[in-house]
Amino acid sequence: MPQVVTRTWTQLKPARKAAIPEGLWLRCPGCAQLIYRRQMEANLHVCPECTHHFRISAEQRIAQLCDAGSFTPMFTGLSSGDPLRFRDLKAYPDRIRAEQIKTGQRDGCQAGEAFIKGRPVMLACLDLTFMMGSMGSVVGEILTRAIEHATKSDLPLIVVSCSGGARMQEAGLSLMQMAKTSAALARLDDAGGLFISVLTDPTTGGVTASFAMLGDVIIAEPRALIGFAGPRVIRQTIRQDLPDGFQRSEFLLAKGMVDRVAPRAELRSEIARLIDYSGK
Amino acid sequence: MASFYQLDFEQPVRELDKRIAAAERGASDDAQLPAPALGGVEPHPPAESGELRALRAERLTLLASLYEQLSPWNTVRVARHPQRPQSGDYIALMCREFTELHGDRRYGDDPAIITGFARLGHHKVLMVGHQKGRDTQEKLACHFGCAHPEGYRKALAKMKLAEKFGVPVVTLVDTPGAYPGLGAEERGQAEAIAVNLREMSRLKVPIVSIIIGEGGSGGALGIAVADRVAMLQHAWYSVISPEGCAAILWKQANEQTNVSSAKALRLTARDNLKLSIIDAIVPEPPGAAHRDPAGAAQALADWIVAQLDELTAETTEDLLQARYDRFRRLGEFEESAEPEPTPELTP
Ligand SMILES: [Zn+2]
Chain Z
1 MPQVVTRTWT QLKPARKAAI PEGLWLRCPG CAQLIYRRQM EANLHVCPEC
51 THHFRISAEQ RIAQLCDAGS FTPMFTGLSS GDPLRFRDLK AYPDRIRAEQ
101 IKTGQRDGCQ AGEAFIKGRP VMLACLDLTF MMGSMGSVVG EILTRAIEHA
151 TKSDLPLIVV SCSGGARMQE AGLSLMQMAK TSAALARLDD AGGLFISVLT
201 DPTTGGVTAS FAMLGDVIIA EPRALIGFAG PRVIRQTIRQ DLPDGFQRSE
251 FLLAKGMVDR VAPRAELRSE IARLIDYSGK
Chain F
1 MASFYQLDFE QPVRELDKRI AAAERGASDD AQLPAPALGG VEPHPPAESG
51 ELRALRAERL TLLASLYEQL SPWNTVRVAR HPQRPQSGDY IALMCREFTE
101 LHGDRRYGDD PAIITGFARL GHHKVLMVGH QKGRDTQEKL ACHFGCAHPE
151 GYRKALAKMK LAEKFGVPVV TLVDTPGAYP GLGAEERGQA EAIAVNLREM
201 SRLKVPIVSI IIGEGGSGGA LGIAVADRVA MLQHAWYSVI SPEGCAAILW
251 KQANEQTNVS SAKALRLTAR DNLKLSIIDA IVPEPPGAAH RDPAGAAQAL
301 ADWIVAQLDE LTAETTEDLL QARYDRFRRL GEFEESAEPE PTPELTP
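Protein sequences appear in the order of chains Z and F.
Note that our numbering has the first sequence beginning at 1, numbered continuously upward.
Note that our numbering has the second sequence beginning at 1, numbered continuously upward.
Check each hint, because a few of them may be wrong.
As the list claims (entries may be wrong) - Below, computed lysine to aspartate or glutamate pairings styled on DMTMM-like, alpha-carbon distance capped at 25 Å: (1) F/K160 to F/E199; (2) F/K251 to Z/D241; (3) Z/K280 to F/E100; (4) Z/K90 to F/E334; (5) Z/K90 to F/E332; (6) F/K251 to Z/E250; (7) F/K160 to Z/D189; (8) F/K251 to Z/D190; (9) F/K263 to Z/D94; (10) F/K263 to Z/D88; (11) Z/K90 to F/D8; (12) F/K160 to Z/D190; (13) Z/K280 to Z/D241; (14) Z/K255 to F/E199; (15) F/K274 to F/D325; (16) Z/K117 to Z/D94; (17) Z/K152 to F/D109; (18) Z/K90 to F/E199; (19) Z/K152 to F/E243; (20) Z/K255 to Z/D216; (21) F/K204 to Z/E148; (22) F/K160 to Z/D216; (23) F/K251 to Z/D94; (24) Z/K102 to F/E332; (25) Z/K102 to F/E334; (26) Z/K152 to F/D279; (27) Z/K152 to F/E255; (28) F/K204 to Z/D190; (29) Z/K90 to F/E335; (30) Z/K255 to F/D109; (31) Z/K152 to F/E199.
Hint data in this document are derived by calculation from the structure and do not stem from the laboratory.
For clarity, every value in this text was computed on a predicted model and none was experimentally measured.
Model the full structure from these sequences, guided by the hints.
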């Protein structure tokens with residue numbers, strides 16, 4: 001059962017991130033060209049030369065997707081406990097604390113009601129900057145509440161995924177978040193709700209193998225890595241190199257696993273159009 | 001690999017076994033075997049000497065105490081013991097008239113998951129279970145218990161059939177994880193597991209799951225969304241294998257880091273029960289299931305039948321609500337008393 005603590009987030013909330021290097025120019029991993037950072041950022045964090053989609057935080061995603069100022073954050077009071085007293089080379093609470101200071105976020109998911117091109121939606125975005133967007137109890141709980149809220153309020157549910165998978169430091173409890181979120185989606189489905197799942201680079205492991213692949217419609221950003229097992233594990237298992245483009249969005253489209261591959265600039269209109277078709 | 005299964009913590013048992021063997025030789029040398037009685041009735045075995053009886057009792061106590069305090073890593077090793085009973089063995093020992101059903105009607109028949117109708121006690125059930133394979137050929141066909149998408153889809157297709165028939169589902173989980181390979185990814189491993197999680201959560205018949213050996217990650221959960229979940233005493237269940245976890249968080253998997261990660265992952269039956277991830281632990285015979293498969297199967301069958309007796313008495317609505325609640329409450333977090341911003345739509 002959730003434990004209510006009295007300390008306030010403002011006491012904990014660290015100074016806004018200063019960690020990201022802010023050079024004027026950066027080298028694009030897609031085309032290896034030097035590109036002007038401002039121009040890339042103004043282009044929704046997409047390389048103007050080669051359309052490489054840079055990874056973005058949940059905060060940036062929300063700003064890009066929603067009508068300006070329309071996002072109302074929900075379920076913001078949740079943060080991780082340490083139910084297993086997990087300790088690898090570092091203790092789990094220390095890891096969490098370091099991530100909170102680095103990102104200014106409590107955990108790896110932000111959710112809330114918003115408008116997209118004037119359509120009301122329930123939006124949840126995983127945050128890759130927080131422990132690789134891994135799903136532990138907090139992420140699972142926020143997603144489940146978001147799904148339940150969408151069901152109750154008859155709002156279209158949009159989830160933007162990017163994640164390394166289940167959070168190992170919560171062991172079996174993180175595994176259970178896969179069942180919990182999927183069960184909530186069954187109820188949304190029973191209620192006739194709409195779920196649009198947006199897959200971005202990278203979406204792997206327990207996140208892909210639960211809510212992320214359960215969209216009524218699944219849209220992937222170009223060239224995103226999407227899969228169950230990571231490429232390294234597969235390479236080790238089969239002892240051969242992986243084909244070019246394996247586990248990328250376009251590969252999944254060709255194999256029939258996603259409905260559409262859509263560039264970032266078109267996500268808003270893609271989502272709005274699908275909402276209109278669903279009659280929501 | 002073979003030396004791995006020389007379970008080192010069993011050394012004292014092997015010592016005792018030698019003494020028992022010696023005592024047995026002594027006993028048979030002394031005893032005059034009576035001639036077989038007419039009519040082919042088996043002769044009574046020679047009465048055991050007091051020493052032999054004492055040694056056998058000591059052996060049982062020793063096994064019980066060794067297995068009582070198994071470390072997490074040793075639990076994993078026992079769960080992977082090559083003689084440990086598999087789904088096929090349990091089905092043969094527990095069920096009558098097992099009628100296997102093959103194939104997902106989409107791509108193929110994955111032998112890493114077996115499915116079929118059977119009678120278990122006084123219940124008709126659908127049995128679903130991971131199969132690792134016994135001989136080399138079967139092991140390769142089963143990918144050592146690592147199922148492909150067609151395995152998960154076969155399981156779901158047969159569960160839907162069980163739902164239509166109003167027959168409860170029993171799943172036996174025993175997998176290191178879902179198969180990580182080219183074909184598995186191409187054919188949608190993630191989607192297959194995800195759909196099982198969603199559909200099992202709303203399947204309108206009782207579901208009982210038992211982790212009988214290895215419960216590795218999504219590949220295990222993919223057939224383990226159930227009304228009641230149990231583990232055999234020496235099975236393991238967690239989000240990743242200890243080696244996988246060690247390789248990522250400890251940067252390398254070796255005997256030492258495996259021990260550490262097995263402990264950290266809380267993968268034993270006792271830990272999973274404490275975390276409410278499972279509802280019960282089914283005890284194994286002294287010295288684990290591989291020493292007495294029939295005994296293990298009996299305990300397992302008794303537990304399953306008891307659960308089905310309860311679950312089949314419930315209304316579908318209650319059943320599904322309880323199943324939802326069971327998974328809904330899993331997870332631990334802190335929630336601050338800070339008021340949330342009011343979720344009002346103000347564009
Ligand atoms: Zn570029």
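Against the structure, the hints:
1. F/K160 to F/E199: holds, 9 Å
2. F/K251 to Z/D241: Within the cut-off at roughly 22 Å; holds.
3. Z/K280 to F/E100: violated, 44 Å
4. Z/K90 to F/E334: holds, 21 Å
5. Z/K90 to F/E332: Cα-Cα ~20 Å, so holds.
6. F/K251 to Z/E250: Violated, at roughly 32 Å.
7. F/K160 to Z/D189: holds, 17 Å
8. F/K251 to Z/D190: At roughly 44 Å apart (the allowed maximum being 25 Å), Z/D190 and F/K251 break the hint.
9. F/K263 to Z/D94: Holds. F/K263 to Z/D94 sits at ~19 Å (cutoff 25 Å).
10. F/K263 to Z/D88: Measuring from Cα to Cα gives roughly 10 Å; hence the hint holds.
11. Z/K90 to F/D8: Answer violated: Z/K90 to F/D8 is near 30 Å, above 25 Å.
12. F/K160 to Z/D190: With a Cα-Cα distance of about 16 Å, the restraint between F/K160 and Z/D190 holds, given a limit of 25 Å.
13. Z/K280 to Z/D241: violated, 45 Å
14. Z/K255 to F/E199: holds, 23 Å
15. F/K274 to F/D325: holds, 17 Å
16. Z/K117 to Z/D94: violated, 41 Å
17. Z/K152 to F/D109: Distance ~40 Å between Z/K152 and F/D109 Cα, so the pair is violated.
18. Z/K90 to F/E199: Roughly 38 Å between the alpha carbons, so the hint for Z/K90 and F/E199 is violated.
19. Z/K152 to F/E243: violated, 42 Å
20. Z/K255 to Z/D216: holds, 17 Å
21. F/K204 to Z/E148: holds, 21 Å
22. F/K160 to Z/D216: holds, 20 Å
23. F/K251 to Z/D94: Distance ~18 Å between F/K251 and Z/D94 Cα, so the pair holds.
24. Z/K102 to F/E332: holds, 23 Å
25. Z/K102 to F/E334: holds, 20 Å
26. Z/K152 to F/D279: violated, 30 Å
27. Z/K152 to F/E255: violated, 50 Å
28. F/K204 to Z/D190: At roughly 13 Å apart (the allowed maximum being 25 Å), Z/D190 and F/K204 satisfy the hint.
29. Z/K90 to F/E335: holds, 24 Å
30. Z/K255 to F/D109: holds, 20 Å
31. Z/K152 to F/E199: Distance ~20 Å between Z/K152 and F/E199 Cα, so the pair holds.
In the structure shown, a violation is registered for the earlier hints numbered 3, 6, 8, 11, 13, 16, 17, 18, 19, 26, 27, in ascending order.
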